[in-house]
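Visitor: Just so you know, the protein sequences line up as chains R and P, in that order. Okay, so the first sequence: first residue is 1 according to my numbering, each after it adds one. Okay, so the second sequence: first residue is 1001 according to my numbering, each after it adds one.
Hint data in this document are derived by calculation from the structure and do not stem from the laboratory. You may find that some hints are simply not true.
Said to hold, decoys possible - SDA-like cross-link-like pairs, simulated, lysine to any residue; straight-line CA separation at most 25 Å: (1) K68(R) <-> G1122(P); (2) K68(R) <-> G1109(P); (3) K68(R) <-> T1094(P); (4) K68(R) <-> S1099(P); (5) K1021(P) <-> G46(R); (6) K1021(P) <-> H69(R); (7) K68(R) <-> G119(R); (8) K1021(P) <-> G83(R); (9) K1021(P) <-> A138(R); (10) K1021(P) <-> D77(R); (11) K1021(P) <-> E32(R); (12) K68(R) <-> L1108(P); (13) K1021(P) <-> Y128(R).
Remember, predicted model here, so these are calculated numbers, not experimental data.
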Amino acid sequence: MSASADEIRDLMFEYCWLLDRGEIDAVGELMEHATVYGEGGLVLHGKDEIAGMFRDRAIMYDGIPRSKHLCTNVILDIDEDAGRATARSVYVAQQEAPGFPLQAYIAGRYRDTFERVDGAWRFAERVYIVDLLGDMSAHHRPADSG
Amino acid sequence: MLSDSDQILNLLYELDEHIDKGRFDAAAEVFADATLSVHGGDLTVQGRDELAAFLRRSIRLHDDGTPKTVHLTVNPIVDVDDAARTASAQTFFTVFHASDEVPLQPVLGGANFDTFRRTERGWQLASRVVQVRLMGNVAPLVPEAEGAR
């Protein structure tokens, strides 16, 4: 059986669905127990900090970021006994917005850790890795500092 | 325990990851004793040493020691034959690239048709046929001598 594998992939793909629909609070809830690590030493913990980061940085068009995150190549390592799992994946995010033709604006990797608590898998950690940077101008307000 | 399909997909994604990171020897270890051929072409690569050499002469490494690529492998169809301890998989791939030369864009797309055999050490790639279908600006991917006009 690979029920855990499917549950874990569902969490990863749910993240993309929620983010692309602009459901920032729901992204925060999905990662409520997680610590996320980003470029420049960024460390965020819990739903308020994580949702707050997207709210501060993502440019919205009528409430949505007009992005589509493709997340694939999920390499799973699941320790059923310990209730811990890791997943390495790749993502490409594409966007189309007023004055901004359809294009990929960023590509990289997620390094995720999951934990099973009370029978359900949840995000414990996500490390954002940027490999390839495109034109972020329609997506992203730069951070003031690390 | 991961399903056979997930073990096989892990292997394919690790191969992509090694190439994106410029780890050609590690990619060759995943490739093991497999045979690589290109659909409709004459090229055949057999085994890890030939694969490592093939990657080295075919892919340009940029200043950071990587090809500056992200390989996406999607739409997997995996077929496992338990009795025969063999499997096959077909997938689409898209290679994204960005560097000083070109902005972020897809540069290559195609399909991989793979077969596997189950050994004491788990699933191993037995053969790969690559079918290139969509050709973009691959000049930044190939070694400079070959990419130069």
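Visitor: For every hint, state whether the structure bears it out.
Guide: Results for each hint:
no.	hint	result
1	K68(R) <-> G1122(P)	35 Å, violated
2	K68(R) <-> G1109(P)	19 Å, holds
3	K68(R) <-> T1094(P)	16 Å, holds
4	K68(R) <-> S1099(P)	22 Å, holds
5	K1021(P) <-> G46(R)	31 Å, violated
6	K1021(P) <-> H69(R)	21 Å, holds
7	K68(R) <-> G119(R)	31 Å, violated
8	K1021(P) <-> G83(R)	30 Å, violated
9	K1021(P) <-> A138(R)	28 Å, violated
10	K1021(P) <-> D77(R)	20 Å, holds
11	K1021(P) <-> E32(R)	31 Å, violated
12	K68(R) <-> L1108(P)	20 Å, holds
13	K1021(P) <-> Y128(R)	16 Å, holds
The structure shown violates the earlier hints numbered 1, 5, 7, 8, 9 and 11.
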